[in-house]
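Engineer: Residue numbers (this note's numbering), protein chains in the order written: chain A, 1 to 693; chain B, 1 to 693.
In short, the hints are calculated from the structure, not lab data.
One or more hints might be untrue.
It does not matter which identical chain is meant; a pair holds if it fits inside one copy or across any two.
[Unchecked claim] With a straight-line cut-off of 20 Å between C-alpha atoms, the simulated EDC-like cross-links for lysine to aspartate or glutamate are:
1. K12 x E510
2. K12 x D410
3. K151 x D396
4. K628 x D607
5. K628 x E603
6. K142 x D210
7. K142 x E470
8. K151 x E42
9. K628 x E42
10. K142 x E626
Each chain, written out:
2 protein chains.
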Amino acid sequence: MSQNLSALLDPKTIVIIGASNNFERTGGIPVKSLMGVGFTPETLALINPRYDEISGFPCYKDIPSLPWTPDLAIVAVRATETLPALQQAHAKGIRAAVLFASGFAEEHSPEGIAMQQEIVDFAHATGMVISGPNCLGHANFKTRAFATFLKGFEVPAPSGNLAVIAQSGNIAAIMMGLGKKAGLAYSYFVNTGNEAVIEFSEYLAYLAKDADTRAIIGYVEQLRNGELFLQTAAHMRAEHKPLFLLKVGTSEKAAESAASHTAAMAGNARVYQAALRQVGATVGGDPGQIIDLAKLWSTGRRPAGKRACIVSVSGAGCAILSDRFAEVNVEIPTLPEDVQEKLSKVIPSYGMWTNPVDLTGQVTNDLSFFRQVVSILTQTDAVDCIVFYIMGYLLDLVAPELIAAAPLTDKLLVAIDPGGASAVPALEEAGVIVFPEIGRTAIAVGGYLDWAARSHATSWTPAPARALREGLSFSALNEAEAKDFLSSHGLPVVQERIASTAEDAAAAAEALGFPVAVKVLSPDILHKTEVGGVQLGVSNAAGVRAAFTAVTQSARAHRPDADIQGVVVQQQITGGTGILLGVTRDPVFGPILTVGLGGILTELYQDIAIRVLPINRDIAAEMLRELKCFPILDGFRGAPVSDREALISVMTRLSDLMQNIGDTVQEIEINPVLVRGAGQGAVIVDALVRIGK
Amino acid sequence: MSQNLSALLDPKTIVIIGASNNFERTGGIPVKSLMGVGFTPETLALINPRYDEISGFPCYKDIPSLPWTPDLAIVAVRATETLPALQQAHAKGIRAAVLFASGFAEEHSPEGIAMQQEIVDFAHATGMVISGPNCLGHANFKTRAFATFLKGFEVPAPSGNLAVIAQSGNIAAIMMGLGKKAGLAYSYFVNTGNEAVIEFSEYLAYLAKDADTRAIIGYVEQLRNGELFLQTAAHMRAEHKPLFLLKVGTSEKAAESAASHTAAMAGNARVYQAALRQVGATVGGDPGQIIDLAKLWSTGRRPAGKRACIVSVSGAGCAILSDRFAEVNVEIPTLPEDVQEKLSKVIPSYGMWTNPVDLTGQVTNDLSFFRQVVSILTQTDAVDCIVFYIMGYLLDLVAPELIAAAPLTDKLLVAIDPGGASAVPALEEAGVIVFPEIGRTAIAVGGYLDWAARSHATSWTPAPARALREGLSFSALNEAEAKDFLSSHGLPVVQERIASTAEDAAAAAEALGFPVAVKVLSPDILHKTEVGGVQLGVSNAAGVRAAFTAVTQSARAHRPDADIQGVVVQQQITGGTGILLGVTRDPVFGPILTVGLGGILTELYQDIAIRVLPINRDIAAEMLRELKCFPILDGFRGAPVSDREALISVMTRLSDLMQNIGDTVQEIEINPVLVRGAGQGAVIVDALVRIGK
């Protein structure tokens, strides 16, 4: 359901149903917050039959008694009273509601699930915009519409450009707290709760369009509308608005935890990872890491590359930083000759100026020397980021120089101080972010530079995914049909013939030319090797006859139930690298393409690349480069270079196929496509297709 | 050089050569420190011709004027004056010296290198124990012998059980500072500097034997005496004294940085990693991570396993922790049925009690419920560690319960609080360590549990490595000689015969039985396949004759310079998994064994296991299990289980061989040994041996 969320997230007027005069309680906290930030009896209505007034605001006994119609209802009554409250609110003309109560589907009880379903049905029937239940609510910092029972909102906070959307109230609160401590200011805060009606991606879509929201951070367990998420994230990327997400579920236990407390499947972690990356989002590992990313973003510096220069007063510091930055794929390029020459004239001979730059202890004696180094480094375009590992009183010593230099460069400037320098606030004010630890710095800078570099790259635009057409029944094509199907969509398949007798098989082999492969033909047998259903390298007609008997009998022995239709006699392609390509349907993101080296080791090493379809040639090429086994396609160890262009064509044609007729295709597995030497093409040797009729 | 370091590290009396009355200077800081902690004119002598006295202590004009002989000389004069000072000190009978000056080999200047060599020669000639140069010095917290110009020692600090040894002054200072902040107390602090005479492992060996030192942390760029390091670390492991090291050099840039500022090769990072782990040491990524490990150790809790229970008031927190702990190989086991049943009676139905344990917000209403949960979890032996993610005021609420429960269990207890709870000092006093971030907690707990678990396991005892015997000239055996050599040491090799003519080859094949492999025989050709020197699966005598001609001609064409001695005709072994085994010599740790799956992918995936020799069967088995491709030897995907016992025998026999005659062996590469089905053995098909004669 996609709805306009303005009445929910940008209300001018609010009613609290179940308002309390105990400001420690769920129904009392928003009363205090909203009164504290300037809501008046004209903009804030209170409902509770037990009071006549709260802090001077009139309190109505029920919604029908309200003399005016607010935009948003905060529903702070218990679960069983929630639906009646919604019905009254709707009757009054209220268009949006946020439901605080727990006791719904998250309890896994039949009653809770049924009550939640009633709310869903009510929303569908009325079009009412309903947030929650089982949520902390949300806050709009621009209008101070603090529709939440999270505390700390009674004093007006400055409004900012960062929005938080979290599927957990605890994590939302932690992110808010850490962000405040880090000096970040927010535009919106949303805790989505059970997402009975409105889900994560809908909030995201609304806030992504808000002009004042320049970045969004969040916590995600699962997405229910992958298509909207991808479209929104792609839109944000095009506008250079970062999306920094804490996504859980890479471990089985996490998936279990998430499933247990939100009744949601965590989905395939690898697919999430690939999809989030494809669309420009950056993932962090805990709330602190997300806030660190936001803090780096708040400097407004968005370098196009991932090249850092390390500056320290300690050779050991340089070495430690080099190791940690290498782990997060930040490049530490050797500086150009001319830059090194300039540096060598100011840095003592026992220092270093190749990058890392070791200033040596000399910095304590001569501050102008530090100024020169910073000036040289900010002027070269060989690096995108400068990291200063200069601790404690030394950082205080050089801070004025850093603060003076910061406005003159758009490089990302970061300092690491485990020693408690007093200049930290002034440095951060000037746009030099200071972290207390090396490891944490590397994670933050690595993640941020990666986001920034990708925000400059050509972006991927998702196309509407073709969902499986309803009413079709899906079954596997046999091998020959599968290859015919692929061939008819422009994919290169191996030459082959079907034969139902040994004599036919021998004749087919003569026509194709020796050697050939003989494979049992059955729609019921997906893995032919496992039933002894394949003979390779058969080199004459007698051999083909014998192979026919052998593979059909072996298959029958292993799988007496299978429909064995004969054999496929196939040209035996020699040489080439076997690659596996798979199109499957992810429940969240729709059709995805997986590529990996064929064979047993790919599974053990998990060396695969995944993308949501559609893809173009650039993305296909990027997928191949992402594989650890890529050098095998690139002439590793003197082997011939493979025809990668041909493989890329196979990948993009699969993507086109899914765009054109994907609504009838459940699954395609090509295993292998043999990629031959450069210019010699790629040919599909075996394939599995599940299609609907 | 191995020396008794007591005069250096446990001096009763000290002389400062180059003492200064400016307590900000190198020669003044130790004057202030040592006077401040109780040294008297009877135990502290000062030398400087410019003063008569400093702060009431007499100051002598030179060392000969000294009326008594101190144990240790702090040499705080410039580089050029250092050797004369040492000569005077030695003449006076002083047995140990620490040299502060820089300007030696670390400057890479011919003068600096020569001056350092003079000091080395002097030390060798006199037996004087010399630390540095280019170091901060060292400190003994037990006797308050603070022979360092690091500040902050003028006030007596409580003496503790933790020693710091660092190859960088900056990192030493940072570790001291962070440790002090973390409430850790030290026994010794050593900055090793240039290690001209005494190197890291010698300090380690001395401090490892100190009864008051119960753990050692350090910073290492390179080790110069790998054998002493391994022996010492093994000894520490046997005594359950942890060794937590920050080791740099995993990245090329770090190796470069380390090399530049200490004139040292960083060595092979993979070998360091394997050797440190083999001997029970644990590696951290930055100074903060090392201090976190030491803090966990300071609780005195040393669990035997790596099973953690996560307890939170937030399902999302449970999920995030599960992901992060999985990344560091901490197990989150599902709790036993009976434990779950007990928990289910106290935790609300919408919580979780499988592990992670989600207490839900109920904890705010009922503290006795938290007490019960903690009691149930501390009593089960299904977990080794309990991690509480309960933040801010909630942690303060439950803190008294945790503090009461802590003494009743020896499990590791850890809390995570991003919210600034005030109970943190009291919790840590009780042995519940509190970290501010999830990611940092996972790294610390993962590293510590790994160390603790390994400290309970059977430990490895290094044997003296046999260095290459001097005076030998090393050359490669030809393939046949190599296999004869291995066979004579009890290793299983493929049956084969040497043939110098085509006819001999055919006859040899008849004797061995078909099919055979025909391989060119030449001591000059190490990679036969690359010169077309191998034909496989030759199935009759005529084929063998043709193969003889083909492989010798092809080899000659590729390598006209090679001495081609004929061919090896070899039984062709079918089936089995090809494994690569290599024995090489590491410059630091001596002979090491590497095992990996043979073939091109092993190199791409870097899927190898490394151990310093000797190894036993347990270690060999552990190496195999460490391989990501291990399932291939273990019946992965229905394949037959390989004869791992036979492979393990090959590995241990290689180890025995190196123990017995290793002083003549430079390198052995077995590629491959074919490991056949269970009970069918393993056979070496090809090998390269470089041996001295």
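Engineer: Run every hint past the structure and note whether it holds.
Structural biologist: How the hints compare with the structure:
| no. | hint | in the structure |
| --- | --- | --- |
| 1 | K12 x E510 | neither (82 Å within a copy, 97 Å between copies) |
| 2 | K12 x D410 | neither (39 Å within a copy, 57 Å between copies) |
| 3 | K151 x D396 | between (36 Å within a copy, 18 Å between copies) |
| 4 | K628 x D607 | both (6 Å within a copy, 12 Å between copies) |
| 5 | K628 x E603 | both (13 Å within a copy, 10 Å between copies) |
| 6 | K142 x D210 | within (11 Å within a copy, 64 Å between copies) |
| 7 | K142 x E470 | neither (45 Å within a copy, 80 Å between copies) |
| 8 | K151 x E42 | neither (23 Å within a copy, 65 Å between copies) |
| 9 | K628 x E42 | neither (64 Å within a copy, 67 Å between copies) |
| 10 | K142 x E626 | neither (43 Å within a copy, 55 Å between copies) |
The structure fails to meet hints 1, 2, 7, 8, 9 and 10 from the earlier list, while all remaining hints are met.
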